[in-house]
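One line per chain: the protein sequences are A and B, in this order. Everything in the first sequence is counted per the working numbering, starting at 1 for the first residue and increasing by one. Everything in the second sequence is counted per the working numbering, starting at 1 for the first residue and increasing by one.
Mixed in with the good hints there might be a few duds.
Said to hold, decoys possible - Examples of chain B residues lying across from chain A (beta carbon under 7 Å, computed): (1) F8; (2) N59; (3) M62; (4) L64; (5) V66; (6) L169; (7) E265; (8) I266; (9) R297; (10) A298; (11) A305.
If you're looking for bench data, these hints aren't it; they were derived computationally from the structure. Given the structure is predicted, the values throughout are model-derived calculations rather than measurements. Here a beta-carbon is modelled for each residue, glycine too, at the ideal position from N, C-alpha and C.
Protein chains: 2
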Amino acid sequence: MDKRIEGFSKLTKAEKINWIAQTHFKNPDKAKSILASYWNVNSELQNKHDEFIENTLTNFYMPLGVAPNFKINGAIYTIPMVIEESSVVAAASNAAKFWQSRGGFKAEVLDTLKVGQVHFLFNGDSSLLHSFFEKNKQELIEATNAFSKNMKRRGGGIQSITLNDKSSLIPNYFQLHLHFKTADAMGANFINSCLESIASKLKELARQKHKDLNEGKLEVVMSILSNYVPECLVRASVQCPITEFIPEKGWTGEAFAQKMIQAVEIAHKEPYRAVTHNKGIMNGIDAVVVATGNDFRAIEAGVHAYASKNGSYTSLSNAFIKNDVFHMELVLPLALGTVGGLTKLHPLVQWNMELLGNPDTKTLMKIIAVAGLAQNFAALKSLVTSGIQRGHMKMHLLNILNQMEASQNQKKIAFEYFKNHTVSVKAVGAFLKKNSL
Amino acid sequence: MDKRIEGFSKLTKAEKINWIAQTHFKNPDKAKSILASYWNVNSELQNKHDEFIENTLTNFYMPLGVAPNFKINGAIYTIPMVIEESSVVAAASNAAKFWQSRGGFKAEVLDTLKVGQVHFLFNGDSSLLHSFFEKNKQELIEATNAFSKNMKRRGGGIQSITLNDKSSLIPNYFQLHLHFKTADAMGANFINSCLESIASKLKELARQKHKDLNEGKLEVVMSILSNYVPECLVRASVQCPITEFIPEKGWTGEAFAQKMIQAVEIAHKEPYRAVTHNKGIMNGIDAVVVATGNDFRAIEAGVHAYASKNGSYTSLSNAFIKNDVFHMELVLPLALGTVGGLTKLHPLVQWNMELLGNPDTKTLMKIIAVAGLAQNFAALKSLVTSGIQRGHMKMHLLNILNQMEASQNQKKIAFEYFKNHTVSVKAVGAFLKKNSL
Numbered sequence: 001m002d003k004r005i006e007g008f009s010k011l012t013k014a015e016k017i018n019w020i021a022q023t024h025f026k027n028p029d030k031a032k033s034i035l036a037s038y039w040n041v042n043s044e045l046q047n048k049h050d051e052f053i054e055n056t057l058t059n060f061y062m063p064l065g066v067a068p069n070f071k072i073n074g075a076i077y078t079i080p081m082v083i084e085e086s087s088v089v090a091a092a093s094n095a096a097k098f099w100q101s102r103g104g105f106k107a108e109v110l111d112t113l114k115v116g117q118v119h120f121l122f123n124g125d126s127s128l129l130h131s132f133f134e135k136n137k138q139e140l141i142e143a144t145n146a147f148s149k150n151m152k153r154r155g156g157g158i159q160s161i162t163l164n165d166k167s168s169l170i171p172n173y174f175q176l177h178l179h180f181k182t183a184d185a186m187g188a189n190f191i192n193s194c195l196e197s198i199a200s201k202l203k204e205l206a207r208q209k210h211k212d213l214n215e216g217k218l219e220v221v222m223s224i225l226s227n228y229v230p231e232c233l234v235r236a237s238v239q240c241p242i243t244e245f246i247p248e249k250g251w252t253g254e255a256f257a258q259k260m261i262q263a264v265e266i267a268h269k270e271p272y273r274a275v276t277h278n279k280g281i282m283n284g285i286d287a288v289v290v291a292t293g294n295d296f297r298a299i300e301a302g303v304h305a306y307a308s309k310n311g312s313y314t315s316l317s318n319a320f321i322k323n324d325v326f327h328m329e330l331v332l333p334l335a336l337g338t339v340g341g342l343t344k345l346h347p348l349v350q351w352n353m354e355l356l357g358n359p360d361t362k363t364l365m366k367i368i369a370v371a372g373l374a375q376n377f378a379a380l381k382s383l384v385t386s387g388i389q390r391g392h393m394k395m396h397l398l399n400i401l402n403q404m405e406a407s408q409n410q411k412k413i414a415f416e417y418f419k420n421h422t423v424s425v426k427a428v429g430a431f432l433k434k435n436s437l
Numbered sequence: 001m002d003k004r005i006e007g008f009s010k011l012t013k014a015e016k017i018n019w020i021a022q023t024h025f026k027n028p029d030k031a032k033s034i035l036a037s038y039w040n041v042n043s044e045l046q047n048k049h050d051e052f053i054e055n056t057l058t059n060f061y062m063p064l065g066v067a068p069n070f071k072i073n074g075a076i077y078t079i080p081m082v083i084e085e086s087s088v089v090a091a092a093s094n095a096a097k098f099w100q101s102r103g104g105f106k107a108e109v110l111d112t113l114k115v116g117q118v119h120f121l122f123n124g125d126s127s128l129l130h131s132f133f134e135k136n137k138q139e140l141i142e143a144t145n146a147f148s149k150n151m152k153r154r155g156g157g158i159q160s161i162t163l164n165d166k167s168s169l170i171p172n173y174f175q176l177h178l179h180f181k182t183a184d185a186m187g188a189n190f191i192n193s194c195l196e197s198i199a200s201k202l203k204e205l206a207r208q209k210h211k212d213l214n215e216g217k218l219e220v221v222m223s224i225l226s227n228y229v230p231e232c233l234v235r236a237s238v239q240c241p242i243t244e245f246i247p248e249k250g251w252t253g254e255a256f257a258q259k260m261i262q263a264v265e266i267a268h269k270e271p272y273r274a275v276t277h278n279k280g281i282m283n284g285i286d287a288v289v290v291a292t293g294n295d296f297r298a299i300e301a302g303v304h305a306y307a308s309k310n311g312s313y314t315s316l317s318n319a320f321i322k323n324d325v326f327h328m329e330l331v332l333p334l335a336l337g338t339v340g341g342l343t344k345l346h347p348l349v350q351w352n353m354e355l356l357g358n359p360d361t362k363t364l365m366k367i368i369a370v371a372g373l374a375q376n377f378a379a380l381k382s383l384v385t386s387g388i389q390r391g392h393m394k395m396h397l398l399n400i401l402n403q404m405e406a407s408q409n410q411k412k413i414a415f416e417y418f419k420n421h422t423v424s425v426k427a428v429g430a431f432l433k434k435n436s437l
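Chain A with its partners taken away, still in its complex shape (with noise of 0.2 Å):
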């Protein structure tokens, strides 16, 4: 069957599904079925989320949950996750109920400036580069105006613009280096907007004065924001006295915390694990992050980037003991929006808002944070008391038990007899076989 097809974009979504169906699937009307009973039947609803991309079959269900008890800041939330991983939303739970009765966590953004750059060649006298650029500056970010003027009424718009010589890294090689506010915007539409129209001045301003570069050629490669924001972080942070940081029986705090920080040690000196501790943290974080209408690559890319800042990947959190208190915290950068995007445009976005109280970037970056620290801690917590499995595993049995079709009352007693048997699919197998009711 040739699967290679011309124009499919511009066929009607019924016309894509049966080509689709036709040409991939062994069974095509099975194939449209399954798609179709993932359709809104609010037609209405489902036209509005098929114009979030190209070429949309249907709905990819992701789970929202939901965690209570919060405490931020001395303000309570029941925070919402979108996440198809078992036990994220579990342990963020465990965690803000942990820490609720132990003060709470504390959170405080320190900056929020986004960075863009306009990526070009030079191949004559830098010195006098320098002074056009001097000379032109404010007609270079003048040409901005007609994005700029909304975004400034909000107490945003650009912030800096300097010229940075890199010809020591690629021959010729210069960039306009700019930092924004963006308000209560991601902006990435706004910063490319103002760096395109930036680096056309740039063009224009070169041809027209090239005697004032002694004829110097200048050529634009590109102009775009950068997911790199290492001026735009938030803290959040939990303490409590050791003598109260019990995590179960048979443990002392003084144990537990020495355990605790002897696992954020180890992240910080060795990649292995800093990897997987802050993939854990990006559990608590992404979670909030699709559950608002945020874009979740830009926030990872610009994360781990971060995570190795010093030249070495190492850990985002810190944990240690001062004055016989145990203290824990993280500190990462968070590029977010409350308004554009997929915010007003996907309903259970602004519903996800409306529970968290419709807070502005400043907070919804404070909040995030704290998911991604409650992430991180209920993690090591597992980790250095029972190991990780012993959570794992409980959901792993009922992905395994609905694999096999389960029934409610098989579930049931399942659950009973894998409390002291090791769970594999061999022997959920067996033990379903022997309870077939």
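Once you've looked at the hints, dock chain B against the given chain A.
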């Protein structure tokens, strides 16, 4: 209103929703009906999706789109993509089309080793620990027999175990560092179960044979897989004669190739650019990772850590000209699974897998790497030719129009009008007022 709650996880779904609506929403009935409007009408199917995670309230829709015409190692694929960001599916489709007529994509798996570690402290003579380890290595490995038998039959299992002395990093810190192969499973449960068994055997042996260790105390901190997998690698590449490398009218292949190479070189040397360059790659990677039921946080962490492995965060892709042929390639770690986890549980994951011809894990690694390279190529092509905003603004316009509840007819004339006018929320608002059909 008190937003704290005890025993939330034990409530039924309806009780959870009732409590949330009453305590967090101005209009509780509306809040409840929005959640309900996203439930599947088939309660059995809905129940299946509810059980993926804890405290599930409803299904968060992510659009499932497809990008056809991907030629990979000679075969044609239509690639499923789950992503909320507009332009990604369109860019993938364009890149697929471009390369389909230029030999297509090539991809190969370089290795599939995964990593797990037992982190422990030992306060005695390290040479005694080493001889203790060598003497008991076999017994440690055999402690995993209960889990390993099945995996070995499928060609996986423990590949190596070494004792690393890391006491120069942290006093008394040692680790067992293991390599695994996990066949077609991502293997997190398998690896963690093996590690916990080995750790428990290690403690037991150290207790039994404490005289061999001269009474040195051995204390396990934690046992866990690593998401840093620099030996689980795949390479994707494209190539074509420069004379055929024409992106659009007005360009020569030579000029386009030079610009593309400059753009990649900048991403190699400048971390601010590298982060966004790789973020673009991950737009393609994650969309297929999610569509095939894999864990995008694990993939993100592994990939970005790999991008910083040489001490400075850098581009994952490379571009060059050799013998008048343009080459572009991407090498990255992808620890994926095609069995276990969500793969058999989520009906749309199964649908997406069938769309791809039910690939094994190595084939899926290749497909996903190609999706990343395609995205990278498309993003750079836009950046160095028309700029990234031209494509984005069209989708941005659609989003604004939807937000303002424009009719289909208004949308149609707006698309015509804004071909030659700057898109902004204000401009679209004014346009709709004038054209209120």
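Hints versus structure:
Interface restraint check: F8/B against chain A, minimum CB-CB distance 5 Å, threshold 7 Å, status holds. Interface restraint check for N59/B: the shortest CB-CB distance to chain A comes to about 4 Å, inside 7 Å, so the restraint holds. Interface restraint check: M62/B against chain A, minimum CB-CB distance 5 Å, threshold 7 Å, status holds. The beta carbon of L64/B comes within 4 Å of a beta carbon in chain A, closer than 7 Å, and the hint placing it at the interface holds.
Satisfaction of the interface hint for V66/B is found here, the shortest Cβ-Cβ separation to chain A being roughly 5 Å, below the 7 Å cut-off. Among the interface hints, the one on L169/B holds; its C-beta lies about 4 Å from the nearest C-beta in chain A, closer than the 7 Å criterion. Using the Cβ-Cβ criterion of 7 Å, the hint placing E265/B at the interface with chain A is satisfied: the shortest such distance is roughly 6 Å. With a least beta-carbon distance of about 5 Å to chain A, the hint placing I266/B at the interface is held under the 7 Å criterion.
Because the smallest distance between the Cβ of R297/B and any Cβ of chain A comes to about 5 Å, under 7 Å, the interface hint for this residue holds. Contact between A298/B and chain A, as hinted, is supported at the beta carbon level, the nearest pair being about 6 Å apart and thus within 7 Å. With a cut of 7 Å, the hint placing A305/B at the interface with chain A holds, because the nearest CB-to-CB distance is about 5 Å.
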